[in-house]
Amino acid sequence: MRRAFLGEFEEIVLLVVAACSEEAYGVNIWEEVQKQTGRSITMSAVHATLYRLEEKGYLESSMGGATAERGGRRKRFFTLTALGVRALNDIQEMRNRLWEAIPPGKFQLIGG
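The sequence shown runs 1 to 112 under full-length UniProt numbering.
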């Protein structure tokens with residue numbers, strides 16, 4: 001299996017999609033990314049990342065039904081694929097290994 005190399009923003013977006021308790025679509029993903037990061041992010045940055053993650057095989061999308069509240073437009077819903085789940089698990093394992101490799105007291109020695 002090839003290793004998942006994701007940028008920080010890609011990882012955050014993938015985690016937000018995984019954490020969504022409702023169906024994940026552009027607006028609720030965008031809102032949650034901003035909430036979790038405390039950063040102001042454009043909707044186009046989120047959409048570009050979602051489509052890039054879909055092209056890489058980490059997400060898949062489907063169109064919902066048209067609604068009057070959206071002026072008859074449909075929402076595109078995103079879900080993790082098996083590859084996306086493996087990528088997140090690999091990243092979590094790697095980060096855990098790195099955190100565990102930090103010697104006890106290291107942060108106190110450097111004023112952290």
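Because the hints were derived from the structure by calculation, they are not lab data. Some clues are possibly wrong.
Lysine to aspartate or glutamate pairs mimicking EDC-like chemistry, simulated, CA-CA at most 16 Å apart [to be verified]:
1) LYS75 <-> GLU11
2) LYS75 <-> GLU93
3) LYS56 <-> GLU23
4) LYS56 <-> GLU22
Estimated spans, in silico, between C-beta atoms of each pair [unchecked claim]:
5) LEU109 <-> GLU54: 37 to 47 Å
6) GLU69 <-> GLY7: 32 to 42 Å
7) TRP99 <-> GLU22: 25 to 35 Å
8) ARG97 <-> GLY64: 34 to 44 Å
Ideal Cβ positions, reconstructed from N, Cα and C, are used throughout, including at glycine.
How the hints compare with the structure:
1. LYS75 <-> GLU11: violated, 22 Å
2. LYS75 <-> GLU93: Given that 16 Å is the threshold and the Cα spacing comes to 33 Å, the pair is violated.
3. LYS56 <-> GLU23: violated, 21 Å
4. LYS56 <-> GLU22: violated, 23 Å
5. LEU109 <-> GLU54: 37 to 47 Å: This hint holds: roughly 44 Å between Cβ atoms.
6. GLU69 <-> GLY7: 32 to 42 Å: Holds, at about 33 Å.
7. TRP99 <-> GLU22: 25 to 35 Å: holds, 31 Å
8. ARG97 <-> GLY64: 34 to 44 Å: holds, 39 Å
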